[in-house]
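Asker: Given next are the chains, with one letter for each unit.
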Amino acid sequence: MSVLILLILVSVLVAGGFLFAFLWSVKSGQMEDNYTPSVRMLFDDEVKPIANNASIKITSSTKPKIDSHN
Amino acid sequence: MPHNCYHCGAPCSDTIVLQEKYFCCDGCKMVFQLLDENGMCKYYDLSEMPGLTAKGIFSSEKYNYLDSEAVQDQLIQFKLQDQAHVVFYLPQIHCVSCIWLLENLHKINPGIIHAQTHFEKKEIKIVFNPAIISLKQLVQLLAFVGYEPMIHLGGNDWLKKKKVNKTQLFKIGVAGFCFSNIMMLSFPDYLSTSIGDLGALRPFFAYLNLLLSLPVLLYSASGFFIAAYTGLRQKWLNIDTPIALAIAVTFGRSVYEILTHTGGGYLDSMSGIVFFMLIGRWFQDKSYDSFYFERDYTSFFPLGVTVLQNGNEINKPLAAIIKQEVLLVRTDEMIAADALLLSQGALIDYSFVTGENAPIEVQKGEIVFAGGIQKGRAIQVQVVKPVGQSYITELWNNPLLNSAKNTQKSFVHPWSQYFTYALFSIAFMSGIYWWFINPNNILPAITSVLIVACPCSLLLTVTFTYGNILRYLGKNKMYCKNSAVLETIEKVNTIVFDKTGTLTNHELTHLEYFGKPLSKDQAAVIYSVTRESLHPLSQLITKYFNHQNANIEQVSTIQNFIGKGTLAKCNNHLIVIGSALFMQENNIPILETERSGVYIAIDGDLLGIFKINHLYRDGLAKMINQLKLKGYAIHLLSGDHPTEQENLALLLGQDVPLLFEQKPIDKLNYIQSLQLKGNKVMMIGDGLNDAGALKKADVGIAVTDQTHLFTPASDAILEGAQIYNLEGILKYAKKGKTIIRFIFILSILYNLVGMYFATRAQLSPMVAAILMPISSISIVALSALLSYWYSAHIFGKN
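Line by line, the protein sequences are chains U and R.
The numbering of the first sequence is the numbering used here, which starts it at 1 and goes up by one.
The numbering of the second sequence is the numbering used here, which starts it at 1 and goes up by one.
Among the clues, some could well be false.
[As the list claims (entries may be wrong)] Below, simulated DSS-like cross-link-like pairs (lysine-lysine); rule was C-alpha separation at most 30 Å, straight line:
| id | chain 1 | residue 1 | chain 2 | residue 2 |
| --- | --- | --- | --- | --- |
| 1 | R | Lys29 | R | Lys42 |
| 2 | R | Lys543 | R | Lys29 |
| 3 | R | Lys79 | U | Lys27 |
| 4 | U | Lys27 | R | Lys42 |
| 5 | U | Lys27 | R | Lys286 |
| 6 | U | Lys27 | R | Lys630 |
| 7 | R | Lys491 | R | Lys520 |
| 8 | R | Lys630 | R | Lys734 |
[Claimed, not checked] Label pairs and their computed distance ranges (CB to CB):
| id | chain 1 | residue 1 | chain 2 | residue 2 | range |
| --- | --- | --- | --- | --- | --- |
| 9 | U | Ser28 | R | Gly474 | 46 to 54 Å |
| 10 | R | Asn438 | U | Ser28 | 54 to 62 Å |
| 11 | R | Ile745 | U | Leu6 | 47 to 55 Å |
For the record, the hints were derived by calculation from the structure and aren't laboratory data.
Note that the Cβ used here is the ideal one computed from N, Cα and C, for glycine as well.
Model the full assembly from the supplied sequences, consistent with the hints where possible.
Answerer: Shown next, in the form of structure tokens:
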């Protein structure tokens, strides 16, 4: 029976992990907007190069303006 | 052949064409060109005709105040040398294309580093490089593509709102976590007889439960205790008091049972109830993030003004204006303070302040009032009163407005009081009963009664029902500030309407031509002349010909006489357009004078007259009749001249008091006089001229046509096109109490069942654990069902 105690403690711990995940998601603002991200992820456009655009393939449609930042 | 503008979808002629696409105006075409040049035509692929009617090239001086450092400091949240963060409110955001365009602004201007929209709040957060694009240029770019930000200085209210919302979610999360775990750990206890004794595990479960219930009691339920405490300190029993008591008693008895090893306690019921009640409150409070209900006059006024000092134009924030300063007011700009007109003449549109439709002509040396919009050329005015003391802002300092409006408390509180009294007497009586029969059962019986009969079912009913009703009203374009508004709507017996903008539609002023039929050449000539004039009536005529695809001719000379009309030469014709008086001055004989008409004469020959019809909103007469049948007293207050009196009397009926030429303060006083007679008044209006009355009335509803631009402080916002449905909306808002009453009876039945066990001192934790979720879930489901049913019944199924 004592193994049950261990199991229950583990289960509470796992559930606590989910609680922590929830609190973290609220804190980081994921619950604030539940529409825009669902639309944004469908925009299959080229992403604007952020810090190191060396790793980003420059396609013919990308403007030459952008690689001047290199 | 009629077309629809490729950009904004407005009907248009085939005069403006680019790449085989038709546009309604040059503004729309320019936006398309800009997007096309930057490879951003995807904007048009995501949704059809997504654009907003571009207002053409607006005066670039409009945003000059954004160059001022003081203004920038208020708007920019965070600033580094090459990075600045700013958040704008863009009420125009309405579709997927909007999100796409706004988040891809960096393609148009490399100075924009990152942009992120928040669709529901209609906000955009922009990170930009101030070295490449200034704040002013940024706002100009946004305005150019059709998303003019609504800038409000010194207001960070939305930040506060967000924070409160987060703590609420934290509390729900913690309560939900503890509730589900406690329930799981309590479960073996309920089944212990069938699976044999739990032995050493029983105290382990119980202590773990106790540990898990602490965050619920101390953190999640803290709001109930605080509210109960503040209520008691004000010597007032609110609904949180019995709830706090029930939570405390449940916890106390559970701790006692666990520590003395006499039972498992009721911690699962306790945390469950807290969890459900928190969800109920959150559901009810989930308000419309994108609306602002608390606007005062400062939201309507320009943020900055142009001051003339020694011939130089200087931009100053509004608050910094002092007496004697000379301001420059350009076309379509608002006058920010009561001032003396220094220029030759001005044409001021006071519709915003007084509700009067036609612009007013002001002569040099006369006073112009704050809130008026200059329709003619740029003028210079000298400030006579600082902004805070002007005629229109004085309304806000009126002591009548400072008396708090919603002091009356919700009907829920008295109900919960009766409930508490009944509860205490039952607990007391069962205590007395057991005192005679078996004194050992006194304490268990009393605590059981308090545990099982918590008024949380009342709270759940109220919060979920109001939450549902607010949502269904929102679907029908009526957006309430909070649920307290619904309760006040219930008591209303008098409805006061404003005319301009409320019963009539600003956008739909309708022009009709009477007289000799116009030939194509004549139409072209008139069209060409009216195009050149900024007068609102000329613009109406221009619009009239726009739809008829008139040609454009070269205008050789044009003279505008403010308040009278226009004299122009075009194609060797002399064109006279203007009032009856203007015709007589130009020796053109006319038969009858028409107050609100525009006469047209070519080469001394009177052709006809354009008459302006104010279009009343659809279904108005029917709506007023329905309201009268329901027993509402209807009143009408208008700031306009009584020219429409006969029409209105026909439309509204002879028994409706019609008051004309009402100043904002008159409206406010009228509302008060109605209230003093014991009436509960609902005011329905728009614009600044109704702001005082809207605030004074028990329920103020602001009517708006445009995407929630310019709504004064109010309790609810109603979309103009829905006003025909007012009777249904009020009826539905009132259904809340019916639903609550019905469900409350049901929850009393649940309570009786619980009482049956409790008074016999036989309330086992299992009975409590079964009864509690059943009652909570059935209440929530029933509330949703009834709200839906009534909504379908009143508004129809869609």
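Asker: So, for every hint listed, does it hold in this structure?
Answerer: Hints, one by one, checked against the model:
Note on Lys29/R and Lys42/R: the hinted pairing holds, with a Cα-Cα distance of about 16 Å set against a maximum of 30 Å. Distance check on the hinted pair: Lys543/R and Lys29/R sit about 18 Å apart at the alpha-carbon level, within 30 Å; holds. A threshold of 30 Å between alpha carbons decides the hint, and for Lys79/R with Lys27/U the separation of about 23 Å falls inside it, so the pair holds. This hinted pair does not check out: Lys27/U and Lys42/R have alpha carbons roughly 34 Å apart, beyond 30 Å.
As the CA atoms of Lys27/U and Lys286/R are separated by approximately 18 Å, the hinted pair is consistent with the 30 Å bound. At roughly 49 Å between alpha-carbon atoms, Lys27/U and Lys630/R are farther apart than 30 Å, so this suggested pair is violated. The hinted pair formed by Lys491/R and Lys520/R fails the criterion: a straight-line CA distance of about 59 Å is larger than 30 Å. Note on Lys630/R and Lys734/R: the hinted pairing holds, with a Cα-Cα distance of about 12 Å set against a maximum of 30 Å.
Restraint check, Ser28/U to Gly474/R: a C-beta distance of roughly 28 Å breaks the suggested window 46 to 54 Å. With their beta carbons about 57 Å apart, Asn438/R and Ser28/U fall inside the hinted range of 54 to 62 Å. Look at Ile745/R against Leu6/U: about 49 Å separates their beta carbons, and that is inside 47 to 55 Å.
Checked against the numbered hints given earlier, the structure breaks hints 4, 6, 7, 9 and satisfies all the rest.
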